[in-house]
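Since chain A is already given, all that's left is putting chain B on it; use the hints.
There are 2 protein chains.
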Amino acid sequence: MRVSIIGATGETGQSIIDGLLKSTEPKYVGYHGSHSSCFTAKARGAGPPKKKGIHIVAADLEGPEDALTEILKGTDVMISAINAGNLMAQIPLINASKAAGVGRFIPCFFATIVPPKGILKLRDIKEDVLNHVKKVRLPYTAIDVGWWYQITLPRLASGRIDYATTLVTDGIGGDGNMLSAITDVRDIGTYVARIIADPRTLNHMVFAYNELITQNHVYDLLEKMSGEKVKRNHISVEAIKAGVAQMEASNLGPESPEFYELIRFQYWHSWAIRGDNTPEYAKYLGYLNTKDLYPDIGFIPFQEYVQEVLVGKGKSVYEKSEDLKPLKVE
Amino acid sequence: MRVSIIGATGETGQSIIDGLLKSTEPKYVGYHGSHSSCFTAKARGAGPPKKKGIHIVAADLEGPEDALTEILKGTDVMISAINAGNLMAQIPLINASKAAGVGRFIPCFFATIVPPKGILKLRDIKEDVLNHVKKVRLPYTAIDVGWWYQITLPRLASGRIDYATTLVTDGIGGDGNMLSAITDVRDIGTYVARIIADPRTLNHMVFAYNELITQNHVYDLLEKMSGEKVKRNHISVEAIKAGVAQMEASNLGPESPEFYELIRFQYWHSWAIRGDNTPEYAKYLGYLNTKDLYPDIGFIPFQEYVQEVLVGKGKSVYEKSEDLKPLKVE
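For the protein sequence lines, the chains are A and B, in the order given. Numbering-wise (UniProt numbering), the first sequence opens with residue 1 and increments by one. Numbering-wise (UniProt numbering), the second sequence opens with residue 1 and increments by one.
Simulated from the structure, these hints should not be mistaken for lab results. Not one of these hints is a red herring.
One copy or two, it doesn't matter: identical chains are merged, so the pair holds either way.
Straight-line Cα separation of at most 20 angstroms, EDC-like style, residue types lysine to aspartate or glutamate; simulated pairs:
(1) Lys135 x Asp124
(2) Lys98 x Asp66
(3) Lys134 x Glu280
(4) Lys134 x Glu248
(5) Lys241 x Glu261
The shape of chain A in the complex, shown without the other chains (with noise of 0.2 angstroms):
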């Protein structure tokens, strides 16, 4: 099977990289464009792969679809784990992929469960990504991993977790008692290369998790493990609505540094008052469940990881990006 990935240097990228490598299945071959803003190597500030069995393909999302359609030409799955700001550079990357028959397409979603339209602006992007997926009738799977355990746990008093935490984390959503999927960001590739190697998956949306788990229960945990009280700074559904509303009045695009301010807003009125972060809301959106799909598969818990961030062995995300700023919510 030959893979081909856009966006490999990002954490999703690379994540799916790794268990590329590390599955059973023959030979994969890793891809992504050369266009700077095609993908996110800017949120890492790192170079691209130099992995065994990863081949370095340049590409231009902007330049002529005939030449992405060459050099797509004999990929079985396209990968695009693309920068959140440049979701629509995928468009092209359709056409080219459906024009050089590629047998599947896993669009950039990789996020939380969240209905097609009206509530998170970057899935509103992703919806009509995928219906242009439809449209011209490419073999798909839209692949969701609810939230990255990585930005889940709040700072400690002492500071000694900051190594690993970052501000995007800060603050309750409401009274914190709504079940949510998290995920660990390197099991991410684990899924990937089980759901796209699975025909039972073609043409589905697929939901992989590792855990369920509220906000109150994420505070408890860390208490007891780290011994250390944890200041809990709820947010109120009155402060998260009145960011959605502001969300909502505002013009911005993916592309502007603000919007990441208020999507939080969105975040937290999806998953954490909404409740739309869970199997259930998935399976009636119509998602495939990897826990049924894959019964088997192996996961990082996530105690395990809060014990790693502990004993300092955790690992920041987003570490060199601008985009994510300090949020400041009365």
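Positioned in the frame of chain A, the structure of chain B alone reads:
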């Protein structure tokens, strides 16, 4: 099971009511809106259905949602066969259905298989409605039925089937060799009665159709059965694409009569050129199929319908509609 219907006096609504009354389910209660803009009565010039087991309840879709909610309490299945010009009037109906605890909402689809966005303006709007259903997490089933027998036959030179044909059907899209699904409008209700009583169809799209046929086959059959030669007016791919471009460039909405002149080009483009209206594409888009679900179900064969029309027992649809005017294509 208690069923409520909006648009009960339209072609689809009448078929559904007949299908429900004929079915073996214990109890059905019909219902439709009294607000004139909310149902298809004008297409028939007919009053509300007066049949055993049908209860007429007045409802104003543009009135307060609370009043609608009151009316809908106790409804197991809410079926919308609303006039195409008023599809967005389903939004308050969906909100009220959710508030009333309706067990299954059937949005107004009841047409050919088309991708969710970008090919047929009516389907674009239906997708917006379905996305609202999904956002409020209302249990649903969306049912498409292909193209009606009743708008499939061309006229005969003798004029003897004019009484049962409409100008909608004039012309062969492209080379006329594309397979497309057709259904007798009278069978729609039979399918709907089975589908809404079936737990397997909950939160799915379902494709219900009678036969697959090409336009050339339709003309061949009519010539053979009538003994008359039928003029074949091919609408070229170029003419269809020009019509599609005109539609896309216009700001026409389904409330405008001109909309229905232009949307025929989008329909032709979809089922005659792209070949969207097939079980294969429906499966790709995630539809279940009545041929798989109910292999035992009976329906009127197309040949039998043609015979009916030839012996003077056919019935025209859209008899008094002002929406449908002759379509001039060079």
